[in-house]
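Peer 1: Here are the chains, one letter per residue:
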Amino acid sequence: MINEALPKIWYGGDYNPEQWDDPAVWDEDIRMFKLAGIDVATLNVFSWALNQPDEETYDFTWLDETMDRLYRNGIYTCLATSTAAHPPWMARKYPDVLRVDFYGRKRSYGGRHNSCPNSPTYRKYSRRMADRLAEQYKNHPGVLIWHVSNEYGGYCYCDRCAQAFRDWLKERYTDLDRLNKVWNTRFWGHTFYDWEEIVPPYALSEEEEYNRTNFQGISLDYRRFMSDSLLDCYRAEYKAIKRHTPHIPVTTNLMGTYPELDYFKWAKDLDVVSWDNYPSIDTPVSYTAMVHDLMRGLKSGQPFMLMEQTPSQQNWQPYNSLKRPGVMRLWSYQAVAHGADTVMFFQLRRSIGACEKFHGAVIEHAGHEHTRVFRECADLGQELHRLSDQLLDSRIEAKVAIVFDWENRWAVDLSSGPSVALRYEQEVHKYYDALYQFNIPVDMISVEEDLDSYSIVIAPVLYMVKPGYAEKVESFVNSGGTFVTTFFSGIVDENDRVVTGGYPGELRRVMGIWAEEIDALYPEEKNQIVMKQAKGNLRGTYECGLLCDLIHAEGAEVVAEYGDDFYQGMPVLTKNRWGGGTAWYVASSPETSFLKDFLSTLCDEKGIQPLLKTPSGVEVSERRKKEQPILFVLNHRPEMATIHLGERPWIDLLSRQTVTGSVSLPGKDVMILSGF
Amino acid sequence: MINEALPKIWYGGDYNPEQWDDPAVWDEDIRMFKLAGIDVATLNVFSWALNQPDEETYDFTWLDETMDRLYRNGIYTCLATSTAAHPPWMARKYPDVLRVDFYGRKRSYGGRHNSCPNSPTYRKYSRRMADRLAEQYKNHPGVLIWHVSNEYGGYCYCDRCAQAFRDWLKERYTDLDRLNKVWNTRFWGHTFYDWEEIVPPYALSEEEEYNRTNFQGISLDYRRFMSDSLLDCYRAEYKAIKRHTPHIPVTTNLMGTYPELDYFKWAKDLDVVSWDNYPSIDTPVSYTAMVHDLMRGLKSGQPFMLMEQTPSQQNWQPYNSLKRPGVMRLWSYQAVAHGADTVMFFQLRRSIGACEKFHGAVIEHAGHEHTRVFRECADLGQELHRLSDQLLDSRIEAKVAIVFDWENRWAVDLSSGPSVALRYEQEVHKYYDALYQFNIPVDMISVEEDLDSYSIVIAPVLYMVKPGYAEKVESFVNSGGTFVTTFFSGIVDENDRVVTGGYPGELRRVMGIWAEEIDALYPEEKNQIVMKQAKGNLRGTYECGLLCDLIHAEGAEVVAEYGDDFYQGMPVLTKNRWGGGTAWYVASSPETSFLKDFLSTLCDEKGIQPLLKTPSGVEVSERRKKEQPILFVLNHRPEMATIHLGERPWIDLLSRQTVTGSVSLPGKDVMILSGF
Amino acid sequence: MINEALPKIWYGGDYNPEQWDDPAVWDEDIRMFKLAGIDVATLNVFSWALNQPDEETYDFTWLDETMDRLYRNGIYTCLATSTAAHPPWMARKYPDVLRVDFYGRKRSYGGRHNSCPNSPTYRKYSRRMADRLAEQYKNHPGVLIWHVSNEYGGYCYCDRCAQAFRDWLKERYTDLDRLNKVWNTRFWGHTFYDWEEIVPPYALSEEEEYNRTNFQGISLDYRRFMSDSLLDCYRAEYKAIKRHTPHIPVTTNLMGTYPELDYFKWAKDLDVVSWDNYPSIDTPVSYTAMVHDLMRGLKSGQPFMLMEQTPSQQNWQPYNSLKRPGVMRLWSYQAVAHGADTVMFFQLRRSIGACEKFHGAVIEHAGHEHTRVFRECADLGQELHRLSDQLLDSRIEAKVAIVFDWENRWAVDLSSGPSVALRYEQEVHKYYDALYQFNIPVDMISVEEDLDSYSIVIAPVLYMVKPGYAEKVESFVNSGGTFVTTFFSGIVDENDRVVTGGYPGELRRVMGIWAEEIDALYPEEKNQIVMKQAKGNLRGTYECGLLCDLIHAEGAEVVAEYGDDFYQGMPVLTKNRWGGGTAWYVASSPETSFLKDFLSTLCDEKGIQPLLKTPSGVEVSERRKKEQPILFVLNHRPEMATIHLGERPWIDLLSRQTVTGSVSLPGKDVMILSGF
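Residue numbers (UniProt numbering), protein chains in the order written: chain A, 1 to 676; chain B, 1 to 676; chain C, 1 to 676.
These are computed hints drawn from the structure, not numbers from a lab. Watch out, some of these pointers could steer you wrong.
[To be verified] Once the Cα atoms are required to be at most 30 Å apart in a straight line, the calculated DSBU-like pairs of lysine-lysine come out as:
(1) C:Lys170 x B:Lys93
(2) C:Lys299 x C:Lys399
(3) C:Lys466 x C:Lys430
(4) C:Lys399 x A:Lys170
(5) B:Lys170 x B:Lys106
(6) A:Lys170 x A:Lys34
(7) B:Lys399 x B:Lys626
(8) C:Lys106 x B:Lys106
(9) C:Lys181 x C:Lys299
(10) C:Lys106 x A:Lys93
(11) B:Lys93 x C:Lys106
(12) A:Lys34 x B:Lys34
(13) B:Lys106 x C:Lys668
(14) A:Lys106 x C:Lys93
(15) B:Lys106 x A:Lys106
(16) B:Lys606 x A:Lys93
(17) A:Lys106 x B:Lys668
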């Protein structure tokens with residue numbers, strides 16, 4: 001349980017009462033929060049300038065009053081540290097807090113997420129703010145959790161960052177010879193003879209555009225360094241807080257598949273993972289499901305917080321559609337179904353000025369409760385109160401794991417060739433989606449995760465194989481596991497240096513194949529996966545494209561061959577027996593129907609069954625609490641769906657009815673079924 | 001009359017004889033001007049560097065000679081002040097004249113419209129140049145009008161502008177508390193404690209791209225400030241000139257719907273409005289008509305100058321088509337039909353070097369009169385001489401007004417959400433175009449304009465409602481007027497702060513509706529306007545899209561409902577009786593056929609008749625002189641059109657024939673019909 | 001012969017053994033080079049930082065060893081000077097070596113081709129490096145040729161370049177009056193009174209985007225100046241080398257139609273032209289053929305070097321397809337067929353780190369010879385050994401010449417109007433391609449080339465006519481030649497100033513036409529070329545578009561007229577008799593079928609026969625050695641083609657067979673036929 005003070009699914013969101021001076025508004029907020037069943041408010045996210053009007057003055061009066069007022073009315077505080085945007089006076093007095101952007105331009109004051117992570121001023125004052133806040137509120141009974149800064153992100157390229165980068169490199173590589181070696185600096189005459197010669201990779205040095213670089217090794221290390229720099233900022237606040245309130249959990253809100261930070265590394269310093277879920281209208285629901293699973297995977301399955309979602313509209317999309325009736329509730333339960341123990345919004349009351357005023361809120365500009373959005377929020381609030389702690393702390397069990405690695409993603413994104421169309425997270429999602437369609441639970445895991453508990457491990461486009469990982473895979477397969485990897489895997493080490501001798505490098509032994517060439521297809525070009533004979537659900541011919549590894553079997557069984565081009569007849573799908581298990585290589589990017597047939601075949605072999613067989617568009621997820629299954633049935637379709645539950649009787653925790661056999665579930669509706 | 005010295009429609013244009021050193025060329029110019037009926041030449045537009053070779057020397061010899069030569073040959077001068085491009089020596093000696101661009105880059109010398117409007121050097125020397133010129137030519141009989149600078153525009157973001165912005169803000173808001181309030185700076189922790197902390201909104205502070213901002217209030221004020229800064233430059237020259245020649249009118253050439261300057265504010269300081277008309281090949285003719293009406297509206301209906309148009313080709317379009325035969329004449333008369341008392345070109349003779357050498361001219365590179373373009377120019381020149389002063393000073397009478405407001409436009413453009421597809425001027429044009437199709441005269445008016453003389457006032461997307469405007473609308477409707485507004489209206493005050501309590505804010509009472517939500521549709525998405533029953537010309541179902549306000553009637557009659565989506569059956573068109581008049585709300589962006597049926601119904605109700613019923617593509621406009629109507633019939637189609645004039649006889653001022661009944665008008669041809 | 005030490009077609013490529021520290025790798029390289037028939041390796045291209053670890057130390061140990069090892073194994077060296085990327089220490093110690101980019105941003109250390117060409121430091125140390133290398137290796141028997149720097153290119157806009165630009169201008173124009181005149185600076189008030197007022201044209205002065213300028217004259221001169229600045233860098237190294245090794249040829253590798261350098265001017269300082277051929281997958285084979293001919297034309301037909309091509313994949317295309325089997329050999333022979341005496345690759349062994357690691361190589365990452373790519377390389381190596389010196393030094397004879405001029409191209413690219421769609425090199429290629437389809441040899445010539453040896457000279461879009469060129473054309477036509485030019489020709493002088501009096505200016509007399517207007521068509525718009533009567537192979541109607549000159553015949557015969565628009569019936573194709581010859585004017589951009597019919601008609605008239613009539617997709621080129629023809633038959637199609645050789649017997653130098661009559665040539669295969 002995140003904090004036992006509130007033993008239910010927390011319900012609330014970002015609240016900025018400091019934007020109103022009228023106490024009548026604050027009272028009205030309380031009245032409406034109660035109507036909506038709100039029990040937690042995130043405060044102080046962007047109030048640094050208000051809290052600290054100058055270098056020496058700290059004034060938390062407004063915060064004292066707000067937290068007291070909320071607490072008196074039964075509403076807890078998720079207490080932010082306000083350090084995600086420095087005050088104007090600080091930028092003026094200490095320009096080192098301002099970032100230098102990717103184009104080498106020193107920024108002026110403005111925006112948010114605007115502080116140089118290696119600015120001494122920012123480090124000093126953000127840590128001090130965390131310290132002062134924790135000192136101030138260490139005994140306040142309303143504090144449920146700490147929320148450090150907000151949505152960390154953005155890189156800086158200033159001289160101080162350059163110097164810190166050199167220090168980070170010295171720490172990592174000790175001597176320049178090693179650095180020159182791992183960066184392969186004899187290419188294009190880059191040999192460094194002095195650490196001071198090194199500059200960050202940006203638009204005026206090694207990168208033409210972000211992710212287009214001359215030196216992958218340098219750019220990769222700068223991503224590591226920047227992720228670490230921002231993490232250091234977080235850690236400093238974390239430590240300052242923990243000194244005062246060691247027992248209150250601390251988090252910062254993450255952003256799903258946000259590219260700039262290595263969230264697996266970050267998660268180690270978070271007491272609980274929290275994240276902000278803002279799908280676009282065309283984001284597949286299975287993508288959102290995957291990201292929830294990824295956020296759960298950051299801390300190996302521990303429940304997480306849904307820190308932000310919009311009650312209805314966003315403002316920063318090109319076309320900001322309303323969330324249709326029922327969708328907010330449906331997506332809230334989707335989060336819970338995948339491991340969230342909170343449902344929280346940005347924001348509780350809409351601002352009236354600046355760029356987020358057209359972002360949805362529980363309390364809209366109309367200001368009263370007679371709106372569709374408020375009614376939906378209030379209905380959900382009541383439901384969550386009724387659910388109480390029944391779902392809390394339940395866990396998800398998966399026999400299938402998909403590997404996701406931020407450093408591998410960076411390396412793939414930075415690659416010059418073979419194809420600009422290759423998007424790591426899309427390839428990962430293709431595999432996830434096929435399993436999702438069958439309602440087969442999946443864990444999204446890091447390369448550090450232990451594999452023993454899984455039957456099947458899938459590592460799409462594992463371009464970078466880190467030290468020891470090939471051995472881990474070999475051991476997993478040897479012990480009976482099924483391992484799947486794909487084209488463009490096993491190419492480089494952790495510094496993006498090619499492992500020579502034949503792709504997929506260190507994975508070559510366990511895969512039993514050798515990849516000689518990698519053909520890049522134009523978007524409209526296709527090849528075929530031609531099954532040599534039917535295998536499980538696999539039969540006939542499938543389309544593939546993007547990249548085609550031209551592989552040779554070296555012990556592996558050739559299960560399917562290319563159907564076209566000069567490499568027609570070469571293997572495209574191979575299976576290698578290794579000890580007690582098998583290793584599959586998918587040499588191109590296949591169409592969905594292939595992946596469904598392929599992965600269902602593997603699951604069948606391993607005895608992994610769908611949680612429930614449902615019509616397309618109906619998602620089923622399961623959390624278990626003390627061995628008791630809780631089944632979430634989510635109808636993402638606009639129309640009614642018939643669900644066959646089988647003979648076992650379930651209790652629907654929302655309707656409080658016992659259900660069994662065939663059940664009708666209206667469009668956008670949800671059932672949460674508890675086993676007896 | 002702009003200047004009684006030349007009592008006819010002025011005919012001429014920009015003339016740069018200083019680009020040729022050969023007196024034979026100048027003589028040839030005179031000969032050809034006479035052939036073409038040219039009687040006014042705009043001189044000295046870009047001759048600052050020539051006139052003032054260094055800080056202390058002024059040399060107008062070439063200008064003296066040119067003006068004398070022209071005047072001797074019956075050609076007047078529109079005298080520019082040459083301050084639209086500073087000399088190279090000035091940029092080198094006083095770099096403060098150079099602008100800092102949106103990306104924070106100090107510019108080097110080059111281009112035009114290149115001076116920082118708050119540069120002390122620019123202010124000093126531009127004012128002094130105006131003073132010297134006026135001193136020099138105050139008694140020259142050839143000077144018809146002053147032309148200050150040229151096409152003012154472009155913003156600067158230098159430190160001096162930043163300081164001037166702070167001063168402007170102090171003047172406007174007096175104290176920082178008020179500033180923090182109207183900018184809503186508690187959002188994202190922006191509280192300012194010192195004026196010096198404020199920086200202009202640009203790419204390195206609050207704006208990611210132009211019109212994409214974090215703080216709408218700041219960005220809005222910077223647009224106001226920059227428009228004012230450039231206006232101050234104009235005013236300084238204006239005053240310097242007026243000291244010498246109080247009776248000669250002064251103008252500067254505007255650019256239609258140019259976004260950066262608040263032309264309604266500017267027009268107050270212009271003796272006569274003048275503008276440059278450069279439609280693209282795909283600009284609808286009704287759009288050009290609207291802009292002419294807008295330019296006329298800047299000074300409440302006073303005749304204006306067509307200062308520039310091209311005789312044929314432009315050079316800065318991607319594909320610079322020739323103006324087809326007859327089109328230059330047709331578009332010239334379109335200007336006159338909408339209130340222009342001049343027809344002037346850029347340019348009289350084509351330059352041979354630099355970037356405008358492929359822009360059309362009366363005298364082409366061939367250099368002689370045996371070109372299609374010259375013949376068309378000369379024919380028009382003769383016609384204008386024959387027309388003499390018959391059209392001069394005539395006025396247009398309209399019972400329908402459409403509101404246009406630059407500050408509202410800025411606010412709409414700056415809005416983050418709900419849709420990037422919303423373009424204020426396009427929504428305004430949709431309403432204009434429907435009336436244009438019926439040949440119903442329209443005034444384009446500011447929010448300051450008195451409404452008493454109108455029967456119908458239309459204010460599309462009146463997102464920003466300024467203090468007192470709602471009362472003005474209420475009073476207008478109460479007195480019997482018909483008022484129309486649309487979705488996304490009444491949202492914010494003059495600082496872009498939302499008026500809470502329900503959209504459309506201050507307009508809610510008079511409209512009798514409440515807008516709960518605003519849905520944004522994708523470009524390909526549509527909804528329907530379903531008439532509850534036929535009303536006037538409105539019947540059946542129409543398409544709508546872009547934005548859909550989800551409104552509730554609060555007293556208003558629901559005339560049509562949405563036909564689709566979860567808000568099917570909610571009102572989309574409402575009519576509210578208020579005192580003696582009615583107020584209509586159009587809750588979405590409708591297709592053209594709806595607007596034609598809707599607005600013709602309103603006109604029918606008010607007894608507003610088309611000037612003439614004509615085939616599509618034939619425009620009719622009317623100017624009145626001493627109560628005498630003058631009808632312009634413009635056939636924009638390539639083919640012949642039959643015009644039914646009815647029984648009344650007219651004199652065609654061009655053909656000198658009496659016409660009545662049905663008349664054939666060839667493609668691209670024009671009739672100017674005078675009543676007896 | 002480039003160097004008699006190796007009297008065969010050189011075979012090899014870029015080799016960077018310094019990227020590996022393991023002697024076993026170097027030995028393996030030698031073993032595989034021998035297998036592949038490699039006899040030349042380009043060394044030291046990017047090793048400056050390695051060779052010169054600090055300001056005073058030079059260390060060529062690795063190079064000594066490498067050259068010796070290669071030479072001992074029969075492999076020669078193409079010795080680069082390593083100055084295409086300065087060392088990091090130099091950038092840190094002497095920042096003047098770093099460029100300022102088009103946006104005015106001083107670059108940090110990174111990339112390659114990164115030195116300011118006017119940096120005193122770069123000039124000093126690059127010259128010294130060339131000197132030291134030449135001193136070191138002047139007696140090494142392995143040095144076949146010098147390779148100065150690498151792929152020169154990229155402009156700089158720093159203050160030093162600005163100063164050097166002013167000096168260059170003083171040299172060129174002597175006085176400011178002349179400069180103001182040729183730049184037409186009275187336009188937009190640009191009169192310069194001091195040389196110091198002049199700044200380079202870039203994003204912050206006269207150019208909004210590259211090639212979009214306010215002043216064509218300034219931008220044109222900056223291109224000339226930058227081309228000269230880089231050429232000066234080359235010349236300095238050239239001279240330093242020649243002092244030591246006057247008899248070893250010196251080159252630098254060019255890049256085909258690379259826009260930034262005037263290669264005709266550069267070629268004068270190259271002992272032999274060399275270039276890097278990197279077609280995209282959608283580059284027409286006839287475009288590659290044209291570029292080969294252009295490279296040959298740089299030195300008036302002298303054989304050139306194919307310095308770089310990829311054995312298979314590139315890495316910097318969006319989608320990097322593999323070269324299909326046979327294509328590398330086919331394209332290698334295409335180069336030879338057009339005049340190359342070498343076949344060389346980038347690269348011999350693939351790097352394992354940085355941005356070119358996915359670029360193909362003779363030795364792939366697998367590291368052994370059992371790859372398709374290696375086998376194809378080795379097969380070709382053996383073939384070239386067998387061919388020995390049979391093809392060496394042979395020449396191509398063409399009766400048709402196409403004019404290509406870099407300065408004209410710059411001027412066309414810089415033009416503001418009439419159409420952004422006009423691409424000089426594409427219009428040139430259209431004419432080339434029509435002749436290519438008929439296997440008619442073409443010389444690509446400069447405007448300085450003598451025309452006497454040609455029957456037909458084609459100068460598409462000769463927008464800029466330099467002093468004396470019109471006279472040269474007149475003399476050529478007068479003597480019986482056939483001259484063809486097109487729309488948008490004869491417009492400006494060498495400073496981009498329009499020649500007034502009527503287009504095509506100085507060409508008007510010989511063409512016998514006058515162009516009054518130039519219409520620009522939208523991409524989807526078309527007009528027609530309607531033949532007045534059949535003429536040779538020309539008959540009926542053809543499509544045209546892009547630009548349409550509205551021309552009048554002034555003595556020329558009107559052969560075809562426009563079929564559409566208001567200029568229907570005006571001439572679009574004219575033929576003027578002038579002395580003993582004829583001058584054709586093509587007033588619009590025609591479709592391919594017109595050009596085939598038109599140019600074949602001209603060839604027929606001049607008795608110019610195809611080398612061979614072949615099916616489409618089969619290219620034939622001819623080199624002659626001591627009057628002996630050598631015919632290259634290249635089947636670019638994937639499928640077999642039947643070639644009719646006629647009765648004459650030939651020896652196929654590849655198969656050593658005698659062939660005659662009809663021969664089958666497999667897809668992607670090649671025959672090299674030698675006459676007896």
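Peer 1: Tell me the hint numbers this structure goes against, listed in increasing order.
Peer 2: Violated hints: 4, 6, 9, 12, 13, 16 and 17; rest satisfied.
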